[in-house]
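Colleague: Chains A and B, in that order, give the protein sequences. Just so it is clear: in the first sequence, position 24 is 24 by the working numbering, and no numbers are missing. Just so it is clear: in the second sequence, position 2 is 2 by the working numbering, and no numbers are missing.
It is worth saying that the hints were derived from the structure and are not from the lab. Just so you know, not all the hints are guaranteed correct.
[Unchecked claim] Straight-line C-alpha distance at most 20 Å; calculated EDC-like pairs for lysine to aspartate or glutamate: (1) A:Lys114 with A:Asp125; (2) A:Lys205 with A:Glu229; (3) A:Lys58 with B:Glu41; (4) A:Lys219 with A:Glu229; (5) A:Lys114 with B:Glu41; (6) A:Lys209 with A:Glu253; (7) A:Lys58 with A:Asp70; (8) A:Lys219 with A:Glu253; (9) A:Lys58 with B:Asp136; (10) A:Lys205 with A:Asp184; (11) A:Lys219 with A:Asp70; (12) A:Lys114 with B:Glu38.
All figures in this text were calculated on a predicted structure; none of them were measured in a lab.
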Amino acid sequence: MNDNTPMISLQHVDKTLGGRKVLDDMSFDVGRGDSFVIVGGSGVGKSVTIKHIIGLIKPDRGHVVVDGQDITTMRPIDLNRFRRRFGMSFQEGALFDSMSVFENIAFPLRRHTKFTDSQIRERVDECLDMVHLEGVSSKRPSELSGGMRRRVGFARAISLKPAILLFDEPTTGLDPVISDVIADLIVEMDRTLNTTTVTITHDMKVAFKIADRVAMLYKGRIVEEGTPETFQQSQNPIVQQFIQGRAEGPLTE
Amino acid sequence: MNILERIGRVFIRLFEETGLWFRMLVRTFVWTFRPPFEGGEWLRQMVRVGVDSIPVVFLTTMFTGMVMALQTYNGFHRVHAENFVGSVVALAMLRELSPVLVALMVTGRVGSSMAAEIGTMRVTEQLDALEALATDPVHYLFVPRVIAGIVMLPLLTILGDALGVGGGYLVGVKLMGANPVIYEQNTYQFLQMNDVWSGLIKSAFFGLILTLTGCVRGYYTSGGAEGVGRATTAAVVSASLIILFTDFFLTKLLF
Ligand SMILES: Nc1ncnc2c1ncn2[C@@H]1O[C@H](COP(=O)(O)OP(=O)(O)OP(=O)(O)O)[C@@H](O)[C@H]1O
Ligand SMILES: [Mg+2]
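Just chain B, same shape as in the assembly (with noise of 0.2 Å):
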């Protein structure tokens, strides 16, 4: 009985945070087209979700393109398929795991980052302070934050994806001596358009999801410090698995 109550009690919850969540990604989708926009703030945010991210992107994506050319070149390798090593690692990549990653790396860096900043507004009266202003919150800090988040998403995915693949044929030619020609081929051989568009369409999302639950969470702290760090942890474990959901569904969706 009780452990009942206790999960039907997380299930209305869960319902209501994605209620709620909805509602606030319908309020910043109407005030992204009202007047005034705050150019100055949207570049802000992007050079913060963008430009800063670039090192941990640099890192994480061409260090997992190097571990994948490692792993499957020692499997490929028992079965005398060494040649395809370049494509199983852009393939991989693109479609899969630069978006993901990037999403995942970003959400820590950034989604977290937003909730804590919101939330301290919050618990010092500055988001009240933002209101009496006639400045509606999700206007002045979640559209730029938004914004930012599905057009910089992308573009990092686009050099996570580069770099992974970069990583990939470094083990390959230069530790694992596969011969360079042969596993360029292959890199390219098997891929289409497609596989590059179904990754950037993922991280845009991917994007619209970390910042918008770094900013709802930031939104809805309550209590003092301790509530914004509440705040900064739910936003990332809730944005991580929301992501890792989403991908989920839209990889069915986009092949």
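The following block holds chain A by itself, in its conformation from the complex (with noise of 0.2 Å):
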């Protein structure tokens, strides 16, 4: 696979949910190791979006391209297995609430690694760290607060180390200081490990610090992309509503 090509393409996807066109002709490409943040309203689509990243939902109509793999027409024996590629955080978490803290991040590691139980142990240790998380690993996800469960499943998204990652929210119900953890981290695996990471957030100033790219979701598809300078100056009136947080405006017509 040459350079060159995008790592994730959606390719005029269309999708219908409960009776409503929610995706219309969506069109996006995310570069290879690029942070791609998408923002838009509430109810826009954007869980649906992501979601479409990795299999989960099915288009009605265009096309999901990874890595040069078209995921739409894949069986399902081989998505499965694609997946691994993949880590992702749920917008409410979706923490196995039978495990423990431990045993949902080791969960990934057990069952596609070869690792020994220490190797496992350290590994989940070391992620928990990283989300600022101590002496939980024990707790059931329902002894935890909002905020923690996000930390668990974005701990347990990364624990494999994946080269694509998918954030659904991840800093929402944060404390602007955990956020801010939480953004660098998107940052350095970005950097380090040259990670392809898909952001879905609400919060701009974590969108201008971690994206290479920005793009607008509004009424079924990209209505504005640029990086975080050029999206800022847009001129879109969506764009500058949303981002000043203004209550009038074509958003809210």
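Both chains are given apart, each in its own frame, so use the hints to dock them into the complex.
Modeller: Have a look at this one:
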């Protein structure tokens, strides 16, 4: 695979859910090693978009191509194997509530690596350390706060050091300091491991810090895309309203 | 017109769901032989299906055996055939009552809880998380549960056989005053190995049906907490119906 092909490419994706056309001819590319940030209003289809990238939702029309392979036409067994390249953290955490925090993070390591128990323990501790969680590894997810759960989900996503990371609102509900820690982590993984990341966020500060490119999702497609600088200076009234968080404007009409 | 349409719709749904059920059966079968094998998870499910069901099985089959003896004794007494009570109880328990009753009780206990468990995982996106971690839910959740059902139900049925026959003996001998030696002799007299086998084979099928139905119902849950409730009820109702339905055809097939 040559280096110019994008790592992730959505091509003319349509998706109707619950009688509503959520994605309407959505297309975008994410380059190898890039950090791509998607912003947009609540309920606009950001989570649906990110689930298309890992094949949890199949498009009604169009294609999703990851690392040169069309995952929309892949056999389920191949898709299952292909997903080892991904790590994903979910908006609501989606931790396995029958397992402890430790077992949650160890789960992908146990299944997809030949790590010994001590190597697994080491890696889990390392991941928990990175998200600044201590002394929680034997707790159940139900004993954690929302923000802690989100960080455990984040730790589980990165534990295998995958080539592609998808984060659905990784910093929502976290205090500003921990938000910044998570943002730094994403930047660091992009630099040191050359990970391709797609992050959904409402936090413009985080967005501009981690992004190589920012895209704004509106009415089922990307209406504006650019580097943090060009995005910030966009003349698009939708983008301006969103960045400034104003109540009046095209978004609320 | 309206009513015909409704009936038609019910049948279409029935066909669809049957198709879905068999598709999941095939998927479960295929994944059973693919690594990694989660030994610990298999064991945990066997305990859950088998060991934890012992008290329920104990009470159900024992009392059924006792009632059987009581009823047949009363009836047979009229034609002076009391001696055959032991045979009737043993035949009925081994061939029919123990496998079916055990299966229905375990459906209520375990099939429902599997539907609720997997249904909750669906509505909290834990199934999506499993898939995102390159783990097929059928592989990780269905396979250990279905295997546990197939292995443990025959074992529970053996226990049920023994308790049912034992309960019948207690009532026949201690309560109705039958001759213990004759009663025991009559219990074994007409039994063939085939009676034991047919019951055990049936119960293995029932174990497959009740676990798979619970899993499938949970897997296709939608609509939050209410959806989980619906999936749970549906799992028990449809598994019970399929069990009774299959029972007839298996009995016909196995004599
Ligand atoms: N499984 C589903 N069934 C029906 N409709 C759905 C489903 N999933 C999402 N939707 C609809 O798709 C739309 C987009 O949902 P999505 O979760 O992607 O929003 P979002 O952009 O992530 O919002 P938020 O920022 O609040 O998380 C919503 O209107 C939602 O109602
Ligand atoms: Mg969302």
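Colleague: Are the hints correct? Go through all of them and say.
Modeller: Structure-based check of each hint:
{"no.": "1", "hint": "A:Lys114 with A:Asp125", "in the structure": "holds, 18 Å"}
{"no.": "2", "hint": "A:Lys205 with A:Glu229", "in the structure": "holds, 13 Å"}
{"no.": "3", "hint": "A:Lys58 with B:Glu41", "in the structure": "violated, 30 Å"}
{"no.": "4", "hint": "A:Lys219 with A:Glu229", "in the structure": "violated, 23 Å"}
{"no.": "5", "hint": "A:Lys114 with B:Glu41", "in the structure": "holds, 19 Å"}
{"no.": "6", "hint": "A:Lys209 with A:Glu253", "in the structure": "violated, 30 Å"}
{"no.": "7", "hint": "A:Lys58 with A:Asp70", "in the structure": "holds, 12 Å"}
{"no.": "8", "hint": "A:Lys219 with A:Glu253", "in the structure": "holds, 13 Å"}
{"no.": "9", "hint": "A:Lys58 with B:Asp136", "in the structure": "holds, 16 Å"}
{"no.": "10", "hint": "A:Lys205 with A:Asp184", "in the structure": "holds, 12 Å"}
{"no.": "11", "hint": "A:Lys219 with A:Asp70", "in the structure": "violated, 25 Å"}
{"no.": "12", "hint": "A:Lys114 with B:Glu38", "in the structure": "holds, 14 Å"}
Taken one by one, the earlier hints fail for this structure at numbers 3, 4, 6 and 11, listed in ascending order.
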